Amino acid sequence: MDESATERQFFCYIDTGGTFTDSFVVDENGRYIIGKAPSTPGNIAEGFFNSIESAVARLGISPGSFLSQLRILGYGTTLVLNALLTRTGKQPGLIITRGFEGLLLMERAKQTWTEYERIDRMHVVTHRHLDPLVPRGLIHGVTERIDCLGQPIIPLYEHEVREAARALIAKGVDAIVISFLWSFLQDAHERRAGALVREELAAAGKDLPVYLSVDVSPVMRELSRTNATVIEAYTAPLLKNAIEGVQRRLGEFGFRSSLQLMQSSGGLASAEHVKAVETVQSGPVGGLMGGRFIGELYGIPNIITTDAGGTSFDVGLVTSGSININREPVCARMILGVPVAEIISIGAGGGTIAGIDQLTGRLEVGPASAGAVPGPVCYDAGGTQPTVTDADLALGYLNPDYFIGGRIRLNKAKAEEAIRKQIAEPIGLSVVEAAAGIKRIIDAKMRNTIYGLVAARGLEISDYSLLSFGGAGPPHVAGYTADLPLRGVMMFPYSAAFSAFGAATADHEHHYTKALNMVVPPFAADEKKLELGEQLNRVWANLEQQALRQMELEGFDTDRITLRFLAMVRYGRQLNDLVVTSPVRRVATTGDWDALISAFEKLYDDRYARAARYPEAGFEIFEVGLIATGEKVKPKLEPRPLAGREPRAAARKGTRPAYFDGQMMPTAIYELGALEPGNVVPGPAIVEDPTTTFVVPPARHVEIDQYFTLWLK
Amino acid sequence: MGKLKEAVIAKEKSLKERSCYEDALLFKEQDPIQFEVLYTKLVHSVLNAREVAALVSASPVVREMGECVFGLYTAEGDAICLSVGLMLHIHTMSRMIKWMLMNDYEEKVGIREGDYFFNNDPYIGGTHSPDQLIVTPIFCEGELVGWAGGVTHVPETGAVEPGGLPASATSRFHEGLILPCVRIAENEEIKKDLEVFVSRNVRTPEWWLLDNRAKIAGCRMIRDEVKKLVAEYGLDYYAATSHEYIEDTMRATKTKAKSVLFPGRYRAVAISGVGRRLLIHVPLEMTVGRDGQLSCDFEGLSSPGAHAQNNTLPATEGVFMCAAIQHLFYDSRYNSGSLYAMKLNIPEGTVCNPPNIFYATGLLSPSIATGIVWNDCLSRAYYAKGYREEVFAPNVVTVGMHCGGIDQYGRMFGAFNMEASSCGTGARGVLDGLDTAYALWNPEADMGDAEVWEQILPIVWLGRGIQPDSGGFGKFRGGNGIESLYFVANTNQAEMGSFGGRLPIFTSAGIMGAYPGSRTYRNIVQDTDLKARIADRLPLPHYEGEMPDKPEIVRLLNGKAELMVGRYAARPVKEYDVYYQTNGSGGGFGDPIERDPQLVRQDVANKVTLLSTVERVYGVALDSTTLEVDLEKTGALRAAIRQSRLKRGIPAKQYIAQERERLLSGDLTKVARDLYDDILKISPKFAGEFREFWDLPEGYLPSDVSDQKTPGGSV
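Taken in sequence, the protein lines are chains S and Y.
Counting with the working numbering, you get residues 0 to 712 for the letters of the first sequence.
Counting with the working numbering, you get residues -15 to 699 for the letters of the second sequence.
Treat the hints with care, as some may be off.
Below are the EDC-like pairs computed for lysine to aspartate or glutamate, each with C-alpha atoms no more than 16 Å apart in a straight line [stated by the list, open to error]: (1) K212/Y to D576/S; (2) K175/Y to E615/S; (3) K513/S to D130/S; (4) K176/Y to E615/S; (5) K591/Y to E615/S.
Source of the hints: derived by calculation from the structure; they are not laboratory data.
Computed from a predicted model, the values in this text were never measured in an experiment.
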């Protein structure tokens, strides 16, 4: 970016991670720069501004001038997740339906093994309960019950609520959470209990926040709902504090626009309107958003995103332009009732450790990782077990003198020695064969994860293109896509920045849901359809009002808001529903009703094959929803003029031997930064960059298009 | 004879005569990497199938509890790989396929591409009639190269009681619809007439029929993936390696046993029961050879009987192998190799291998007891070798409630609230057992949310928590089981019962000086004044409470109260009838007076140990208000407990002599007499050892020497 930057408009996205705070600045032409500064957990604002400063310094303008021109400042933070993992949140007390005081200790059994690897899920002796965020002594039951029809079958024993509130206040809790069974269907008890607790707080002269489960997570399943509400109480004050600190500093610099937080579901929303628990998994969604943006750019509706780093391989899906939402995600081993963009993660990356299983003599790769410290053997920093990066080095894919731009000099001899001793000799292979084995196995695991994510949702992989980013992805993308019938394979350069870029492309979005109780008999009569449609309309109308009110508060005019009406539909007595985007905003005729059901059955067919249909069971709708999207300015990628197919001489860095098709062969080396749009790089080739290395096998080639996307053909 | 039948016979011969499945691992040795890569792809095909099936399934048992598993089998029906989930079916689908082949389905029924065969006959494959299996053949280049299969547990079978596990069944003919290896779909089309038949014979046909679709969808996914892989790797390669994976597992099984278990002979016994009047004896002698050869001999099992607790051979093998995978072979390939590597003797004519198909098989307690005794023996073999962290004290048989009738939406229904994944585990050798988070038959325990169950059943929970002190006391205590208390709501046309029967005796023994886990029981109070109490805002029962001998359900409610142990048949219930149920809990590890007092304090704070237990059992002095531990007083209390034990104790020789006298005089309760009469009659081996150990006369039977008037009709 040049010195005339002062007159331009910018969008900025800041991502505060555990180690670094990254900033991504993009101008209205889509050109971008990246800033980086160490995170400052004690005072988030400091790292935040240092990161912005490091970016804008390259623009030659002051942070103040830059911030005053900013239209939108997006912010992603792992603060909530970190607070959960390190157990450093506030201490709420919990008032729950009497008889369910043990809920957080019992964990539905499932939380004792969730997020475990397959072997440990089988190996029961390893299963563990978590320490609950609310200890049992701060959980009080009160008598009340709503039944599954929404009827108050046991009234709220108000005196018990008051007693519980007084006891918790006396114990010095930081907040009070109220979670009753079926409150998402009938909230009268929770709301009344909330009012009583506030009365008791006022009487005690205390000003503590009160969280109702129906406000935080109005969805079925008491554990997921209570977990979400407890996490909100546990972390919201921390997030609020951090945001206020940032906003104060922003204000000092003249920032007058909206600070928006990235939510786990993949949308941005004004910081003051975002629930803390809804940011808990926001870290990896940027890449997915970026995938959707790239899809829109190329007119590709179905995209698989793969992000390979040092320890994990994350796979996400964009289907028909939408990201998949997991409505019952697991985070920090807790099942949550909040929407989270679905991303599957396995332990596979550059640092993944390889070894021989003592029982079977088979080569196993992962899921354990050598991490950044000590890292792979070739880092020469104390690592002793061979890793995927060591194998890549032994195979000639990595340049020992140009890893991370030469910042880490790789010790190839040490890597080879470790592979020889620990892998090759025990199973009777040469070092190179063993290294190739490590690569094949890790590639197969990555491939299986991709295939599984698509196939296990009943989708067809041949409908998808794949986008690879993350430093450890490009060396393996040819391997893990080799036998997948994908429509195309794209690699995004400057992989490290892709997540931040993606986050900057996110929409301003809110998700709303409401439970109801709709059992639709098989082959319902017209009157029944209209009656049910009316019920649906009432709920949708309420959600619409709620959404418009909130979006208006956030500064959106009605004409800049898009609404998607959702119904979660299933066949009678099924327990999984599908999220159906309704083709109609209201059900006014039986035709509208039929259109909604047809949309469900079409989606069902696509997922599970037509033979799995079962309309004879009738239908059930126990939840409806609404997604409100506010129009927001996004960065653009501008096409660049195409040069010739032949890369210029400056891009060529000579050759070195690399392993393909069972042998080491001379392989052309290119410098990514010197390649131009329009260039074609024939395999075998290796394209190097300070952030990653692209491996192009024989008989394949890479084409660089006008957006500088690399297509592996 | 069909070609595949010949292959089945040949494999059996090889296993019997040469103790191997394949003579060599040629392809593994040729290219060990490719061998692994293909296997990971096969494993993923079954994992993906399970995920899809769980989404299509309607059954709450599948969705809430993960009772669903998919597998890939060789042409002759041996398991190559299994998904996670209901692992006890690793071999039951294998049995089903082999049964079809051995019964000439190739020639007499026909096996074609696009066929799907259904089975819920537990004598053929599966464990009980709600376990429903579907398999489909995989053809490549015109040749049947394997089978894809899936199992789900469907909680309604049209049996004499709702829910599929009728406690009152006395023969299999009370257990509802049983379809033995029936082709339910051909050319990919489900047979409509068969669906009509099902839909008019079970109480909740949607579950059965949607689960069929789920399994077909999953099987199809596996089949299509295997066909792609065969095209990629070649038919010869696939056919050979699919067998080598099994041989590879056989070899790994021995290596594992040799490396982690101390060689020797280990024995354990579990007692299960039927109602109050019959005990079932489940003994195990486990031998670990110096070469790692594992043998498990169940000689001494009781006879089958006219009750619901007989288990078929496939069921027993399945449950036993499920336990074996969880505790020994968890890091191996999940296939038939582990079973073939072990020498397993489950004598024919016993409760775990009945002589004919007459016997009812709904309740799995005897086969689960085979897993329990396995844990007992295995833990000691691990311990002896120094692998204390692998110790897992005996766990539990699970129980559940079943009901049916007209639900809160006015629909016909039959189902059960299994909550059965909410047992406590046995204690570990280095820490406590898990509370409310285990079931032997599915390592991925999930009890589901109460809101989901309330949507399915016409009940409203008053309490769902951890039953204090139900886990066996110990240095590390056993995991506590769940206690659930609910009332019937929004229907007056329902019946409710309980399956999973045990006598008031302990199945989950403690080890190394610890106590056993608690027995399970239920209370029911009918014609209650609950509605009036609610209207008056009076205290309601939510748990058993601080006084287990006077539970809240009895103290706080007026009505017809009944305490039940073991199973009971469904009975009519109406609104505001109240039901209380406990589930199993695990045995402890080590002496309770060696327990860290801070762990006791923590348990009291979590309300999972009663204050009244602290001093009496653990010898811990705890301030009931501040929960502070007084270490000095604790030391004194523990010393006093030791002294008291020394006073009570007698030398082992004296004890054995006393017990011998009881045997000789027939001083046994009737159920114990019946138990020993039975096994001494049916197992000469057991009888010989028993009489030798106790120095009893030839032909000794307790009933021959008993005064038949001995009291104690029940224990």
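Exercise. For this structure, which hints from the list above don't hold up?
Worked result: Violated hints (numbers, rising): 1, 3, 5; every other hint is consistent with the structure.
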